[in-house]
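A.B. asks: Listed here are the chains, written in short residue letters.
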Amino acid sequence: MRRLTTALCAVAAAVALSGPVAAASQDELIEEGRAVYHDKTRGNCISCHNINDPIANLPGSQGPMMIAMQQRFPDKRKLRAQIWDATVANPLSIMPPIGKHWILSEDEIDAVVEYIYQY
Amino acid sequence: MKTIKSMLLGAAFAVLSQTGMAAESGFTLETVNPEADRLALQAFYQERFAGVPLEDYVNGIYAIDPPSRKQWDALEEFPPYEFDLEEGEELFNTPFANGKGYADCFENGGIGIRQNYPYWNAEQGSIKTLEQEINECREQNGEQPLKWKKGDVAKISAYMAWTSRGKPFDIKIPENDPRALQAYLDGKKFFYSKRGQLNLSCANCHLQGSRLYIRADLPGPMLGHPTHFPVVRSKWGEIGTLHRRYEGCHRDTRSVPLPPQSDEFRKLEYFQTYMSNGLIVNGPGARK
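Here the protein sequences line up with chains A and B, keeping their order.
The numbering used here applies: residue 1 is where the first sequence begins, and numbers increase by one.
The numbering used here applies: residue 120 is where the second sequence begins, and numbers increase by one.
Bound conformation, chain A alone (with noise of 0.2 Å):
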């Protein structure tokens, strides 16, 4: 719980500094999100998931390719959700609770986020 609030507080600081100089760090956001996704010691999402980018390396076939994400999720919060606990639309699924089992941080999932919307 300890955890929980200290990192909601800093979310919430986050969201609060980050208005300004959101538009500039977008492309930052992306690539970092494009490092946790294929890094192997974050989110490993390629393990799993395959992507038009030409760095990705032996993606596996577990869970769907990551394409047309804006049609397919045309309100973003509900794509973040999915990669935050995807045991709530499948108690069964494979896929970890990546946000409600701390294997990544808010920030990170958010960058992920913005680097898979391109696709």
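FYI, nobody ran anything at the bench for these hints, they're computed from the structure.
Ideal Cβ placement from N, Cα and C applies to all residues, glycine included.
Mixed in with the good hints, there may be bad ones.
Unchecked claim - Sample of chain B residues with no beta-carbon within 10 Å of chain A, all distances over it, derived: (1) 172; (2) 195; (3) 213; (4) 215; (5) 227; (6) 269; (7) 282; (8) 293; (9) 310; (10) 318; (11) 353; (12) 357; (13) 381; (14) 399.
Unchecked claim - Partner residues aside, some chain A positions facing chain B, computed with beta carbon under 7 Å: (15) 47; (16) 54; (17) 61; (18) 62; (19) 65; (20) 89; (21) 94; (22) 96; (23) 101.
Put chain B on the given structure of chain A with help from the hints.
C.D. replies: What follows is chain B alone, placed relative to chain A:
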């Protein structure tokens, strides 16, 4: 927590039956039916990998993935476990300091008995594995027990499996002792329960996820998992036991693995081997 778990288990049941398989039995002592589970599991894979003969499931991932099969056939031309087998035979036949040997501890002198392990021991009220009895035999005869995961225990077990090759697994769940069924049920629950930071169950990878890539890894079917153990695994560069593999897979869920030969792992082995009843012993094996 309790309710979440039963919900998940219930959902597991539902999803599996959606795939059109024969009815799987439940997760309580009243509803569980091992024979129905075994037939349902066979039906599940036969539908998913149509055309693969049941008896081929002793070959794990190589039964269902032709490209991996090719590499493996090449590997099997010079079986990497040959030296371990020779050493295992020698160890098996070397008398203890008191003059007795392994042959004195086991039925039929320890030859051709692999297919009966693990079994429910009513006297002790627990599941006994072959490796466990190898060590008990040593201790009864005044010798130090061996380490569980690799080395001599795996080599002796390999030799004993070798003398049993071709015999169908015949794991029994004595009906007159409900504790045996409970042990099976505990093993089954273990297999289907999600665990670790990654929230993965054995079933996630070996049922739902079988023959789907996780990066470069391809999980195989759970049917036939124990038949060929112990194995020489290229990644290990040596021979290892089934519980060594359990430990590794358990760790892959990002949880702290249980120790080899723990009560839970022995029940898991009981469940998994019962599921493989009818398949033959083909250990020792070779795996990537």
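A.B. asks: Next, verify each hint and record whether it holds.
C.D. replies: Structure-based check of each hint:
1. 172: holds (25 Å)
2. 195: holds (25 Å)
3. 213: holds (45 Å)
4. 215: Holds, since 48 Å exceeds 10 Å.
5. 227: Fine: 43 Å to the nearest Cβ keeps residue 227 of chain B off the interface.
6. 269: At about 26 Å from chain A, residue 269 of chain B clears the 10 Å cut-off, so the statement holds.
7. 282: holds (39 Å)
8. 293: Residue 293 of chain B is indeed farther than 10 Å from all Cβ atoms of chain A, at 32 Å.
9. 310: holds (13 Å)
10. 318: violated (5 Å)
11. 353: At roughly 18 Å from the nearest Cβ of chain A, residue 353 of chain B sits farther out than 10 Å, so the non-interface label holds.
12. 357: holds (25 Å)
13. 381: holds (24 Å)
14. 399: Check passes; 31 Å lies beyond 10 Å.
15. 47: holds (4 Å)
16. 54: Violated: closest Cβ of chain B sits about 17 Å from residue 54 of chain A, beyond 7 Å.
17. 61: holds (4 Å)
18. 62: holds (5 Å)
19. 65: violated (12 Å)
20. 89: Nearest chain B Cβ about 12 Å off; hint violated.
21. 94: Where the cut-off is 7 Å and the nearest Cβ of chain B is about 4 Å from residue 94 of chain A, the hint holds.
22. 96: holds (4 Å)
23. 101: Since the shortest Cβ distance to chain B is 5 Å, the answer is holds.
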